[in-house]
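Participant: Protein chains in written order, with our numbering: chain A, 20 to 311; chain B, 25 to 111.
No lab work stands behind these hints: they were computed from the structure. It is possible that part of the hints are untrue.
[Said to hold, decoys possible] Subject to a maximum C-alpha distance of 27 Å in a straight line, what follows is the list of computed BS3-like cross-link-like pairs (lysine-lysine):
1. B:Lys-102 to A:Lys-275
2. B:Lys-81 to A:Lys-50
3. A:Lys-275 to A:Lys-294
4. B:Lys-75 to A:Lys-201
Owing to the predicted nature of the structure, the values given are computational and were not obtained by experimental measurement.
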Amino acid sequence: MQEELFAPGHRGCAGCGAAIAARLILKGSGKDVIVVSPTGCLEVISSPYPESAWEVPWIHSLFENAAAVASGVEVALKSLGRKDEAKIIVIGGDGATIDIGIGPLSGMLERGHDVTYVCYDNEAYMNTGIQRSSSTPYGASTTTSPAGKVSLGENRPKKNLPAIAAAHGIPYVGTASIAYPKDVIRKVKKAISIEGPKYLQIHAPCCTGWGFDGSKTIEIGRLAVETALFPIYEITDGKVTSVKKIKRKPVEDYLKVQRRFRHLLKSDRGEEAIKNIQDIADANAEKFGLDL
Amino acid sequence: MKLSIGSVTKPGSTRINKTGSWRTFKPIIDIEACIGCGTCSMLCPEGSAYKDNVSGKYAIDYDYCKGCGICAQECPVKAIEMVMEEK
């Protein structure tokens, strides 16, 4: 058997995108890492007491403070003179990263800690029952932004955290998707090799929360990229240095295969909303020059 | 690296939980068709597709495979078929 740093037997759903993300991140980092996880699906599925799926040192404290804990781990290693022994990686969900932990994350980036912060983005709070987060895309139905007679689901666009991270003037910001596993591994390798704070956002579809069959996790991830709703790029020292070019597909291809967007296909107002989503995709494509 | 304090549990100890029992459909790899590319292994949420070092082809560890079917969906030569589990 091959070496597995994220052990099987974890409680992720069949087809779990977050588990794929965790495996790929650890493939990129290797075993000499200390992983910090905030509260979230990944924390819950990987650490049902008294078990742990982690084969590397791993610490969980609270929902909001993973970046602060990671900062502390880094400073502790420095003062012990053991900085060369391990890289520090945070692996947290979008709720913990983009909503709840954005303060400590901003502090960690601003203070210049040598930590790689990886957000696996499944676009809602999955472990507590699919509540919307600030990373939930426009039009998605969640339990706290339910589609109904009046509502068309989430009414605000996805928060652009990579841009906020880049605004801290950090050396490396990247986005990736589990649908392109080699790209994820390469970006993690690259991020941990750079000194200073780094931010990576990895799109990780959630079959349970988004409403699709577990076998389609990768296919849905690929569609998000191919429709330009999740652009893949790298920002090095403040400049966009690489983008994944795509042969673009219409956003309907991505929306119609997920329960969370299905209501949009059933009404005239939904059709309007789909136009708005296409506008978001078009803007992404133009901003990053995604079209082949 | 070795940490001496704060640890509450053993690494990788979820392995005692054989999630193969969750399965409804079982992936069967056609060894003749398998090209050994490793896509199934790379994308498996459980890491249960592994390379057989003798044949260079891939096999499934049914102790942990939850039967999600990502491997069958993503196999570039469609060498994996999902069949109903018989108990």
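Participant: Each of the hints needs a verdict: does it hold here or not?
Facilitator: Results for each hint:
1. The straight-line distance between the Cα atoms of Lys-102 of chain B and Lys-275 of chain A is roughly 25 Å, inside the 27 Å bound, and the hint therefore holds.
2. Simply put, Lys-81 of chain B and Lys-50 of chain A have alpha-carbon atoms about 26 Å apart, close enough for the 27 Å limit, and the pair holds.
3. Of the pairs offered as hints, the one joining Lys-275 of chain A and Lys-294 of chain A holds, with about 14 Å between alpha carbons and a cut-off of 27 Å not exceeded.
4. With a CA separation close to 18 Å, the supplied pair Lys-75 of chain B and Lys-201 of chain A stays within the 27 Å bound.
Checked against the numbered hints listed earlier, the structure breaks none of them; every hint is satisfied.
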